[in-house]
Amino acid sequence: DAGITQSPRHKVTETGTPVTLRCHQTENHRYMYWYRQDPGHGLRLIHYSYGVKDTDKGEVSDGYSVSRSKTEDFLLTLESATSSQTSVYFCAIHAGPVEDTQYFGPGTRLTVL
Amino acid sequence: KQEVTQIPAALSVPEGENLVLNCSFTDSAIYNLQWFRQDPGKGLTSLLLIQSSQREQTSGRLNASLDKSSGRSTLYIAASQPGDSATYLCAAYNAGNMLTFGGGTRLMVKP
Chain A
1 DAGITQSPRH KVTETGTPVT LRCHQTENHR YMYWYRQDPG HGLRLIHYSY GVKDTDKGEV
61 SDGYSVSRSK TEDFLLTLES ATSSQTSVYF CAIHAGPVED TQYFGPGTRL TVL
Chain B
1001 KQEVTQIPAA LSVPEGENLV LNCSFTDSAI YNLQWFRQDP GKGLTSLLLI QSSQREQTSG
1061 RLNASLDKSS GRSTLYIAAS QPGDSATYLC AAYNAGNMLT FGGGTRLMVK P
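Chains A and B, in that order, are what the protein sequence lines are.
So in the working numbering the end of the first sequence lands on 113, straight run, no missing numbers.
So in the working numbering the end of the second sequence lands on 1111, straight run, no missing numbers.
So that you can see chain A by itself, here it is in the shape it has in the complex (with noise of 0.2 Å):
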């Protein structure tokens, strides 16, 4: 699993709440990845980062922020949830150059009601 952990793992809020999802990994790789995988959608990229305080926009980023201020986090943050945001989050690390192969942490369920 590549030391990557997600917290929380499970949350239910109500629309109009923040939320913030923790991705926290031990082996200092430089790529973090946010996804969302919804049903009859697959998994889409959110937003990622591409080192410390420099992060980038993916195909699904509306309604979503990111921030990284140490190496082994990348926090994502709902600033106002919605039903639609209702999904299950992944978070990745790219681990390089020599595996070149991208490592997927447990999730988190967010339901928005």
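The hints are simulated quantities; they were obtained by calculation from the structure and are not laboratory data.
Check the hints yourself; a few may be wrong.
Only pairs whose alpha carbons sit at most 25 Å apart, straight line, appear in this in silico DSS-like list of lysine-lysine [what the hints assert, rightly or not]:
hint, chain 1, residue 1, chain 2, residue 2
1, B, Lys1042, A, Lys11
2, A, Lys57, B, Lys1001
3, A, Lys70, A, Lys53
4, A, Lys11, A, Lys57
Let chain A serve as the given structure and place chain B on it in line with the hints.
Same frame as chain A, now just chain B:
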């Protein structure tokens, strides 16, 4: 924009059969291609990575091939077992190490 398609979406086979899962992608300028396994309610487990300079990779009963010119990859599972039941996802690497995923093939191996 890269698009990745997996066919079939679901597959049910008896135990012991050899099977092939298909993955196609629209942009042949991919960097690498990776196959994952996902069990219900779980995260993604990396199975095989094929780098752009390679044509295939093998791990145990699994063999994955990559043909960039035709935009196709296949995952071959030999002598399937009930424990192989899961969803199999392929993903193409684009610039910046970003992945584009296919929709997955849900495999059921019946005893």
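Pair hint B/Lys1042 and A/Lys11, alpha-carbon separation not exceeding 25 Å | Status holds; Cα separation ~16 Å.
Pair hint outcome, A/Lys11 versus A/Lys57 [Cα-Cα no greater than 25 Å] = holds (24 Å)
Is the Cα-Cα distance between A/Lys70 and A/Lys53 25 Å or less?
-> Answer holds: A/Lys70 to A/Lys53 is near 8 Å, not above 25 Å.
Has the given pair, A/Lys57 with B/Lys1001, been kept, meaning a C-alpha gap of at most 25 Å?
-> holds (15 Å)
Checked against the numbered hints above, the structure breaks none of them.
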